[in-house]
Amino acid sequence: DQQVKQNSPSLSVQEGRISILNCDYTNSMFDYFLWYKKYPAEGPTFLISISSIKDKNEDGRFTVFLNKSAKHLSLHIVPSQPGDSAVYFCAASVTGSARQLTFGSGTQLTVLP
Amino acid sequence: ETGVTQSPTHLIKTRGQQVTLRCSSQSGHNTVSWYQQALGQGPQFIFQYYREEENGRGNFPPRFSGLQFPNYSSELNVNALELDDSALYLCASSFGLAGDTQYFGPGTRLTVL
Chain A
1 DQQVKQNSPS LSVQEGRISI LNCDYTNSMF DYFLWYKKYP AEGPTFLISI
51 SSIKDKNEDG RFTVFLNKSA KHLSLHIVPS QPGDSAVYFC AASVTGSARQ
101 LTFGSGTQLT VLP
Chain B
1001 ETGVTQSPTH LIKTRGQQVT LRCSSQSGHN TVSWYQQALG QGPQFIFQYY
1051 REEENGRGNF PPRFSGLQFP NYSSELNVNA LELDDSALYL CASSFGLAGD
1101 TQYFGPGTRL TVL
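For the protein sequence lines, the chains are A and B, in the order given. So that you can map any letter, position 23 of the first sequence is 23 in the numbering used here, and since no number is skipped, the others follow by simple counting. So that you can map any letter, position 76 of the second sequence is 1076 in the numbering used here, and since no number is skipped, the others follow by simple counting.
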């Protein structure tokens, strides 16, 4: 039973355009959400997070949106750059649960020059 | 500031053997979590250590065990290796039990033949 789902295994966008990566979750207890980026042969790198008390968080080119009623979050990257090409994982956790992260299966983003 | 480091980078074992993987947490962090990432999937939580005590465990059998040392470094031990244990093992560190963001090391690639 996948509690965090990333239904798009891959996404291609042109350099300079917006990349939108989506993530759905089923566990309503999740109250903290994160996005990680992973290059081959490296560990996941933290990008941005959002608490369930917010619906948007921005950091430079990266913005995360949270829709609690739809149990959906998205990551927007504007403008997309070739160096953004990587696998993106969304993750969720519950307060008081040792903050164990439940990950989606990832989306491979390719930014075309 | 030193990031999370893991050793070894790669390891090849045969079925039935035992393996120990090591992790040094990021400077200032006292909580270590271990994850298993199978090919094409997101990382799965194994367990977490806080101040040398196990503080949460995922759906992994007892042959997966761990330790945390006074300097907050950690070991993951896997006994009676099975072919399905072949995966990337990731260590993540954070601060305290409420540390929201976990920072990952580069991982150890374990191959079981």
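No wet-lab data here; the hints were simulated from the structure. A couple of the hints might just be wrong.
Unchecked claim - Some, not all, of what chain B presents toward chain A, calculated at C-beta under 7 Å:
| no. | residue |
| --- | --- |
| 1 | 1041 |
| 2 | 1077 |
| 3 | 1080 |
| 4 | 1090 |
Unchecked claim - On the chain A side, residues computed to face chain B include the following (Cβ under 8 Å):
| no. | residue |
| --- | --- |
| 5 | 34 |
| 6 | 42 |
| 7 | 43 |
| 8 | 44 |
| 9 | 50 |
| 10 | 62 |
| 11 | 65 |
| 12 | 89 |
| 13 | 99 |
| 14 | 100 |
| 15 | 104 |
| 16 | 105 |
| 17 | 106 |
| 18 | 110 |
All residues carry an ideal CB built from backbone N, CA and C; glycine is no exception.
| task | Answer holds if the nearest beta-carbon of chain A is closer than 7 Å to that of residue 1090 of chain B; otherwise answer violated. | result | The hint holds - residue 1090 of chain B has a Cβ within 7 Å of chain A, the shortest such distance being about 6 Å.
| query | Does residue 100 of chain A pass the interface hint, meaning its C-beta sits closer than 8 Å to a C-beta of chain B? | reply | At about 4 Å, which falls below the 8 Å cut-off, the nearest Cβ of chain B leaves the hint on residue 100 of chain A intact, so it holds.
| Can residue 62 of chain A be said to touch chain B, with a Cβ gap under 8 Å? | 14 Å, violated
| Once the shortest beta carbon distance from residue 104 of chain A to chain B is found, is it less than 8 Å? | Because about 5 Å separates residue 104 of chain A from the closest Cβ in chain B, which is inside the 8 Å limit, the hint holds.
| message | A closest beta-carbon separation below 7 Å is what the hint needs, so does residue 1080 of chain B meet it against chain A? | response | 24 Å, violated
| request: With chain B as the partner, please determine if residue 110 of chain A meets the hint condition of a C-beta pair closer than 8 Å. | output: 17 Å, violated
| query | Holds or violated: is the Cβ of residue 106 of chain A closer than 8 Å to a Cβ in chain B? | reply | Hint holds; residue 106 of chain A Cβ to chain B Cβ min 6 Å, cut 8 Å.
| Closest C-beta approach of residue 99 of chain A to chain B relative to 8 Å, hint status | 6 Å, holds
| Minimum beta-carbon distance criterion (8 Å), residue 65 of chain A to chain B | 18 Å, violated
| request: Have a go at the residue 44 of chain A hint: is there a Cβ in chain B nearer than 8 Å to its own Cβ? | output: Holds. Min distance 5 Å.
| task | Mind checking the CB of residue 1077 of chain B against every CB in chain A and telling me if the closest is under 7 Å? | result | 19 Å, violated
| task | Please verify that hint: residue 1041 of chain B, Cβ, nearest Cβ of chain A, below 7 Å or not. | result | Where the cut-off is 7 Å and the nearest Cβ of chain A is about 6 Å from residue 1041 of chain B, the hint holds.
Violated hints, listed in ascending order, are 2, 3, 9, 10, 11, 18; each of the other numbered hints is respected by the structure.
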